[in-house]
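Can you build the whole structure from these sequences, using the hints too?
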Amino acid sequence: MIRLFFGTTNGGKLRELSRMVADLPVKVVSPADLGMPLPEVVEDGDTFRENAETKAVAYARFTGMHALADDSGLCVDALGGAPGVHSARWSEADDAPASPACAPPGGATPEQGIELARASRDEANNEKLLRSLAGVPEGRLGAGYVAVLALARPDGRIVTAVEGTCKGRIGRERRGTDGFGYDPLFVPDAQDGRTMAELDPAEKDALSHRGAAFRALRPVIERLAFDKAGEEG
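Mapping of the sequence shown onto the working numbering: residues 1 to 233, in sequence order.
Just so you know, these hints were derived from the structure itself, not from any lab. It cannot be assumed that every hint is accurate.
To be verified - Pairs of lysine to aspartate or glutamate residues, derived as EDC-like cross-links and limited to a Cα-Cα distance of at most 20 Å, are as follows:
no., residue 1, residue 2
1, Lys13, Glu163
2, Lys128, Glu173
3, Lys13, Asp205
4, Lys13, Asp33
5, Lys13, Glu123
6, Lys167, Asp77
7, Lys167, Asp192
8, Lys128, Glu163
9, Lys13, Glu173
10, Lys13, Asp178
11, Lys167, Asp205
12, Lys27, Asp227
13, Lys27, Glu50
14, Lys13, Asp200
15, Lys128, Asp77
16, Lys27, Asp44
17, Lys167, Glu203
18, Lys13, Asp23
19, Lys167, Glu198
20, Lys128, Asp155
21, Lys13, Glu43
22, Lys27, Glu222
23, Lys27, Glu198
24, Lys13, Glu203
25, Lys167, Asp155
Laid out in structure tokens, this is it:
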């Protein structure tokens, strides 16, 4: 079995990866499993690939494991491709505070605090997206999700980086309680009008940008996993 470190504290992404490797001899290791904080990685690349590879290299060298890093985001046609690589923290360019209803309570555990802070940021990002597209005609609400997964060897050498996309449009209101990020507003073209947040996990994996990227990466992970199993046998 191969230990595969996935350098994200995003619970949604960890659950997606775990589902996708459930039938392989792969043990997904998360930052919480390490018992120590990850090194800060400056994500100053101009592309999703640059940021994903930078993180994968840093995490592989830090953990001594094969490391997988994701960089993903939403590109909206009417906004010239924004928020793009700034998707996760897009709202932080605003002076307006996040919704108080999403603020982490004082008694939250560190893990809960991270998830609640992320939920608050997601809410603010979605609010900014709706404001930015107010008045934009329905025919100009096209958008696409992009995900790049980069895999590095324990010594930091990049094995590969793959990209997945999902085309769709932005809805006028949030719908659905599953998913994360911009999922409540993103309506995939390949669906029946439901948002990404209204899909069950299997449906989302089948058409999402990260699902597409993982399917491209899976043969590489399979080779690594089964080669390792052969060595140990």
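Against which earlier hints does the structure fall short, listed by number upward? 8, 9, 13, 16, 20, 23 and 25
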